[in-house]
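Student: If you read the sequences in order, they're chains A and B. Going by numbering that gives the first Met the number 0, the first sequence opens with residue 0, and the numbers climb by one from there. Going by numbering that gives the first Met the number 0, the second sequence opens with residue 0, and the numbers climb by one from there.
Wrong hints could be hidden among the right ones.
Stated by the list, open to error - When the alpha-carbon atoms are kept at most 20 Å apart in a straight line, the in silico SDA-like pairs for lysine to any residue are as follows:
#1 B/LYS107 / A/MET190
#2 B/LYS107 / A/ARG198
#3 B/LYS100 / A/TYR196
#4 A/LYS131 / A/ALA218
Stated by the list, open to error - Quick list of the computed label-pair ranges, beta carbon to beta carbon:
#5 B/ARG78 / A/ASP133: 34 to 44 Å
#6 B/ASP108 / A/ILE145: 40 to 50 Å
#7 A/ASP133 / B/LEU110: 47 to 57 Å
#8 A/GLN328 / B/GLY216: 36 to 46 Å
#9 A/SER194 / B/SER136: 46 to 56 Å
#10 B/GLY64 / A/SER194: 27 to 37 Å
Read the hints as simulated data drawn from the structure, not as lab findings. Note that the Cβ used here is the ideal one computed from N, Cα and C, for glycine as well.
Chain by chain, the residues run as shown.
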Amino acid sequence: MKKKELIPGLILIAALLVLLRYLELHISPQSQWAMLLTVLKKGSIYALVAVSMNLLNGFTGLFSLGQAGFMMIGAYTYAVLTIPAEQREMVYMYYEGGIIRFALPSIVGIILAGVVAAVFAFLIGLPVLRLKSDYLAIATLGFAEIMRALFQWDTLGPLTNGSNMLRSYPTFKTILYPFIVSGVCIALIVMLINSTYGRAFKAIRDDEIAAEAMGINLAHHKRIAFTVSSFFAGISGALLAMFQTNVQAKSFNSAMTYEILLIVVIGGIGSVTGSVISSFLFIACSEWLLRFLDETHVIGDVTLPLMRSGFRKVVFSLIIMVIVLFFRQGIMGNREFSFTRLFSGRSKKSKGGKADE
Amino acid sequence: MSNILEVKDLNVAYGGIKAVKGISFEVAEGEIVTLIGANGAGKSSTLRSIVGLVKPASGSVVLKGEEIAKLPPEQIVNRGITLVPEGRRVFADLTVLENLKIGAYLRKDSLEEDLNWCYDLFPRLKERSWQLAGTLSGGEQQMLAIARALMSRPDIIMMDEPSLGLAPIIVQGVFDIIREINRQGKTILLVEQNANMALHAAHHAYVMETGRITMTGTGMELAENEEVKAAYLGKARE
Chain A
0 MKKKELIPGL ILIAALLVLL RYLELHISPQ SQWAMLLTVL KKGSIYALVA
50 VSMNLLNGFT GLFSLGQAGF MMIGAYTYAV LTIPAEQREM VYMYYEGGII
100 RFALPSIVGI ILAGVVAAVF AFLIGLPVLR LKSDYLAIAT LGFAEIMRAL
150 FQWDTLGPLT NGSNMLRSYP TFKTILYPFI VSGVCIALIV MLINSTYGRA
200 FKAIRDDEIA AEAMGINLAH HKRIAFTVSS FFAGISGALL AMFQTNVQAK
250 SFNSAMTYEI LLIVVIGGIG SVTGSVISSF LFIACSEWLL RFLDETHVIG
300 DVTLPLMRSG FRKVVFSLII MVIVLFFRQG IMGNREFSFT RLFSGRSKKS
350 KGGKADE
Chain B
0 MSNILEVKDL NVAYGGIKAV KGISFEVAEG EIVTLIGANG AGKSSTLRSI
50 VGLVKPASGS VVLKGEEIAK LPPEQIVNRG ITLVPEGRRV FADLTVLENL
100 KIGAYLRKDS LEEDLNWCYD LFPRLKERSW QLAGTLSGGE QQMLAIARAL
150 MSRPDIIMMD EPSLGLAPII VQGVFDIIRE INRQGKTILL VEQNANMALH
200 AAHHAYVMET GRITMTGTGM ELAENEEVKA AYLGKARE
């Protein structure tokens, strides 16, 4: 971002936060707009994990499907470490209060959620990053499924509470919280993408052999991308845990990874802003706007056909097929959304897209 | 003149298949040296193993008096040798400028001077510095691949079939550039199937056949050699 864009950018961010706070204070939980707040909260959390997945799939060319697994590791790390000591007897009722007897502050829990996910990623990355394309996807998906089973294993119960849910940990009180945490994390990812490392990631994505011939250490850079991506997936997992107020391993299944992948594809592989925009769109559709498809509607004497529980998923699948068949670039392709370009798009374009910087 | 690169008894194998069978050759500082030969003679494998993309099975590669045969590519590139890979292999979704910056990936100093030098050599790249490399023409992509390699400030630059798939007039341009880079002090190791052009540009030449070096001499000597004429220069010489 150029310096002259910095000030308007900051003003825009401040205005957005004020607007969010305003909405939060003025929308009553009973109104039909209450769902908007839920969508915004969840959307901001998914935006982070989608951007972290895009860092791997879109910018480094590593087709990984382990994102839900790393979110789960983050969510569990956060929950396990921050449940207040006095609540532990009750949460870990089947495991005599569990083995951890202390509680860390919320913010420390969030950071550790990222760190623990990153450590797991580093270790699993050593063997699996030797694999390419589909094989890497299968290995990472398998890893996520194994972790999910492992976390529900009875023997680990004193730590993970087995297949029972974790709850009573601190959550966020305001909508600003997930927005600020996600926003800061996404900004860090963007800085990484625009750094020399990011350029090396893109070179690896475009041509591994040429990148290696330029002196880029493939294994080292892939490991960095994988570890950093998982770090932020872990943080988004912690945020999701806070959003849901309880955590259970079984919800972090492969369907969740596919949802995130879908957001990345719809937004445009290789576009950060695309991922963010499509996160909100996706969450809004799945949680809110398309809900009516699951309800039975009667017009006059006629009950509309097909409209019953689960129909939403059918429509969603159709949308995915249409996107994959006709709009492979997604919303943004690999371009980035920018206000400067929006307002002075034509003049910039004729100079050959200098607005990229 | 001293030898900047000395290859001794180099063997390269892919699984059980031997691509390079104990070749030895030298490249003197400041020269253009070419390896010519038919498809599958092991020319590309030789270059790839020198830069470390393929680990040689045995043999030694000495660059400026230092053994580099077992080093990883990033350390080899850092010691002043670079490869322009076969088929150009520019980073298609990056801009021309970004491609050039990747070429200098291992350098920590300022790139300004080298960028200007590359832009002087290739004015077309300057015009197109914000364009995505994938949208350049074949000839421009080859120029970019060469410029990208130059950005690492190599002492010796290896080129793998720079004329591949280019129109004759463009090939002439590529060879002009090769001579110009050489005039400006870079040593060049050139692998070519276009034997005619390569031999006339080279100070020294080696002919490779099925993994072995079968003939050597100055570029002109080989260009006049009857066997070489028959095998690689075809009727075009008559």
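Student: Each hint needs a verdict: does it hold in this structure or not?
Tutor: Quick rundown of the hints versus the structure:
Restraint check for B/LYS107 and A/MET190: satisfied, since their Cα atoms lie roughly 19 Å apart, inside the 20 Å limit. Under the criterion of a C-alpha separation no larger than 20 Å, the hint pairing B/LYS107 with A/ARG198 is consistent with the structure, at around 15 Å. Between the alpha carbons of B/LYS100 and A/TYR196 the distance comes to roughly 11 Å, so the proposed pair stays at or under 20 Å and holds. For a cut-off of 20 Å, the pair hint linking A/LYS131 to A/ALA218 stands: about 12 Å separates their Cα positions.
Restraint check, B/ARG78 to A/ASP133: a C-beta distance of roughly 37 Å satisfies the suggested window 34 to 44 Å. Checked against the given bound of 40 to 50 Å, the beta carbons of B/ASP108 and A/ILE145, roughly 46 Å apart, stay inside it. One distance hint, 47 to 57 Å for the beta-carbon pair A/ASP133 and B/LEU110, is violated here, with the actual separation near 37 Å. Between A/GLN328 and B/GLY216 the beta carbon distance is about 54 Å. The supplied range of 36 to 46 Å is therefore violated.
A C-beta distance of roughly 31 Å is found between A/SER194 and B/SER136, which places it outside the suggested range of 46 to 56 Å. Between B/GLY64 and A/SER194 the beta carbons are some 36 Å apart, a value that agrees with the proposed interval 27 to 37 Å.
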